[in-house]
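Going line by line, the protein sequences match chains S and V. My numbering applies: residue 1 is where the first sequence begins, and numbers increase by one. My numbering applies: residue 1 is where the second sequence begins, and numbers increase by one.
To be clear, the hints were calculated from the coordinates, so they are not data collected in a lab. Please note: incorrect hints may appear among the correct ones.
Some, not all, of what chain V presents toward chain S, calculated at C-beta under 7 Å [unchecked claim]: (1) V60; (2) D82; (3) V83; (4) N84.
Fair warning: this is a prediction, and the values are worked out from it, not measured in the lab. Ideal Cβ positions, reconstructed from N, Cα and C, are used throughout, including at glycine.
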Amino acid sequence: MVKKNTEKKGSREIQQGRRDFIVVASYAMAGIGAAAVAWPLIDQMNPAADTLALASIEVDISKIEVGQAITVKWRGKPVFIKHRTEGEINSAQSVELSQLKDPQSDVERVINPKFLVMVGVCTHLGCVPLGQKTGEIRGEYNGWFCPCHGSHYDSSGRIRKGPAPLNLEIPPYQFASNSLIKIG
Amino acid sequence: MSADKFSNPVVRWIDHRLPIFSFMDHELNEYPTPKNLNYFWNFGSLAGVSLVIMIVTGIVLAMSYTPHVDHAFQSVERIMRDVNHGWLLRYIHMNGASFFFIVVFIHIFRGLYYGSYKAPRELLWILGVLILLLMMATAFMGYVLPWGQMSFWGATVITNLFSAIPFIGDSIVTMLWGGFSVDNPTLNRFFALHYLMPFLIVGVVILHLVALHRFGSNNPIGIDPSGPQDTVPFHPYYTIKDFFGLSVFLSLFAAAIFFFPNFMGHPDNYIPANPMQTPAHIVPEWYFLPFYAILRAVPDKLGGVLAMFGAIAVLFILPWLDRSPIRSGNFRPIFRIFFWVFLADCIALGYLGGMPAEGIYVVLSRVATAWYFLHFLVILPLLSVIETPKPLPQSLSKSVLGGTAMAGAASAVKEKM
Chain S
1 MVKKNTEKKG SREIQQGRRD FIVVASYAMA GIGAAAVAWP LIDQMNPAAD
51 TLALASIEVD ISKIEVGQAI TVKWRGKPVF IKHRTEGEIN SAQSVELSQL
101 KDPQSDVERV INPKFLVMVG VCTHLGCVPL GQKTGEIRGE YNGWFCPCHG
151 SHYDSSGRIR KGPAPLNLEI PPYQFASNSL IKIG
Chain V
1 MSADKFSNPV VRWIDHRLPI FSFMDHELNE YPTPKNLNYF WNFGSLAGVS
51 LVIMIVTGIV LAMSYTPHVD HAFQSVERIM RDVNHGWLLR YIHMNGASFF
101 FIVVFIHIFR GLYYGSYKAP RELLWILGVL ILLLMMATAF MGYVLPWGQM
151 SFWGATVITN LFSAIPFIGD SIVTMLWGGF SVDNPTLNRF FALHYLMPFL
201 IVGVVILHLV ALHRFGSNNP IGIDPSGPQD TVPFHPYYTI KDFFGLSVFL
251 SLFAAAIFFF PNFMGHPDNY IPANPMQTPA HIVPEWYFLP FYAILRAVPD
301 KLGGVLAMFG AIAVLFILPW LDRSPIRSGN FRPIFRIFFW VFLADCIALG
351 YLGGMPAEGI YVVLSRVATA WYFLHFLVIL PLLSVIETPK PLPQSLSKSV
401 LGGTAMAGAA SAVKEKM
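Same shape as in the complex, but just chain S:
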């Protein structure tokens, strides 16, 4: 009688184990299903195919005079292209890396030292720095100055003073010819 009872209990434990397995497996499948349904609902917010297709532009730089800068729009953001003077190139190249908050030599930031190409968005909180047009404030380092929270960038677009943590970003670009660059 006792033996029979334990047998029964044993089989019930096996039963219970099987049921737990079914319950856990069901919940796991439901979880996977829910995630599979949720993904398209979330991913639709990422850039669409036509938005991605607009991700590169070509710019003619032959008309930019020495000392002049132009601003072009790339992926909805301003890109600064500056035809630098000899003086600006020299001052940018002569800075000691130890003086920089985000150490980077000028050579690393350009393909052709005459043309500085960078995203004109302050790395602090996303404002557009001043310094593109003649007469605009260019900050203490004769480069660019962000009016929102007072970040100073030098003639290589590197952060020298103020709250911004990083140098102005260099977008991926290449020279298609001497006078044409392709950004993106």
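We have chain S; now place chain V onto it with these hints.
Chain V in isolation, oriented as in the chain S frame:
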């Protein structure tokens, strides 16, 4: 009711102050439900799930849609081609409307057959008809948004219905349009209202559920449960049954989305709207066809519009037209025949609404329309008086278990459990 039934102390703390857990436990877990419900009782929860699917996909579609006459059609095509998974989201939303109506129509005919509109569930029924009206308005305005030919001419025809109102009709239509034809202001307001109305539906659905839980579900026998022996807790018995039905529903829904996404649509709506040219044969979406047939059957502008709205309005007063105290059609031999005739009549109206308004179709539409109103206004009130119902079972348990002979076996089963 005590909060002690929850073992989690955080749940207990919250429930003591804000009894949402007691509420959910009461309405979704222990909620006593007749134990003889058949699969036709799945369609209420399926309608609820459909509403959620429509709201969720609708909100994400609105993130990529542009309600402007110059951009609406292109923005929908952009959703189909460029937006990540946009084709899937749009096809779910598009076919979701049709499936929502399929589910709701079955839900309504379930109520018609089993007398779910009778006392004490009259308000429950009326709220349901209100939901149907809101759904129709929402679906109509949603169909306008892609700004295809059917969108444009559907909007023109349906808004012109209001011009049938004597004296002020034209002013009302001008106000609905925000101009002198269906144009950009119309599209803008339809988008705003199409976004708003589903949330109104949610509100009425909540009232519908409050009214439902006041007396609980009707059942295929149509007599009230006489005690706990006639009911089972909602969870797990009906949650499992609802989930099974849901998985069947979702399988069919997925089949439509992936294999026949445009089956229930109209190809003309992939032509951009052109206010200068009406397509040769315009028809509304299939779920409006029975009402469209009624509209066309009456050879008078105001009369047709009144008949069409009357076809819905008559549902509001149904609880007072059918005076028979017997709810379920199972015990009403004559009603039962007329129910199936009425269902056939509605399907016929749907077919006729899709046919051209000429020749034999006009005659048949008139016969079917006449029968529709005859059923509600003459046959049902008459049947309540002349029909002799079959004897009702004494209780739900007896009807399920086959009377006293099975009572012993039933209790044996209970002991085993």
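Hints versus structure:
The interface hint given for V60 of chain V holds, since its Cβ lies 5 Å from the closest Cβ of chain S, which is under the 7 Å cut-off. The criterion of a C-beta within 7 Å of any C-beta in chain S is met by D82 of chain V, whose closest approach is roughly 4 Å, and the hint holds. The closest approach between the C-beta of V83 of chain V and any C-beta of chain S is roughly 4 Å, which is under the 7 Å cut-off, so the hint is satisfied. Restraint check, N84 of chain V versus chain S: the minimum CB separation of about 5 Å is within 7 Å; hint holds.
Taken one by one, the earlier hints all hold for this structure without exception.
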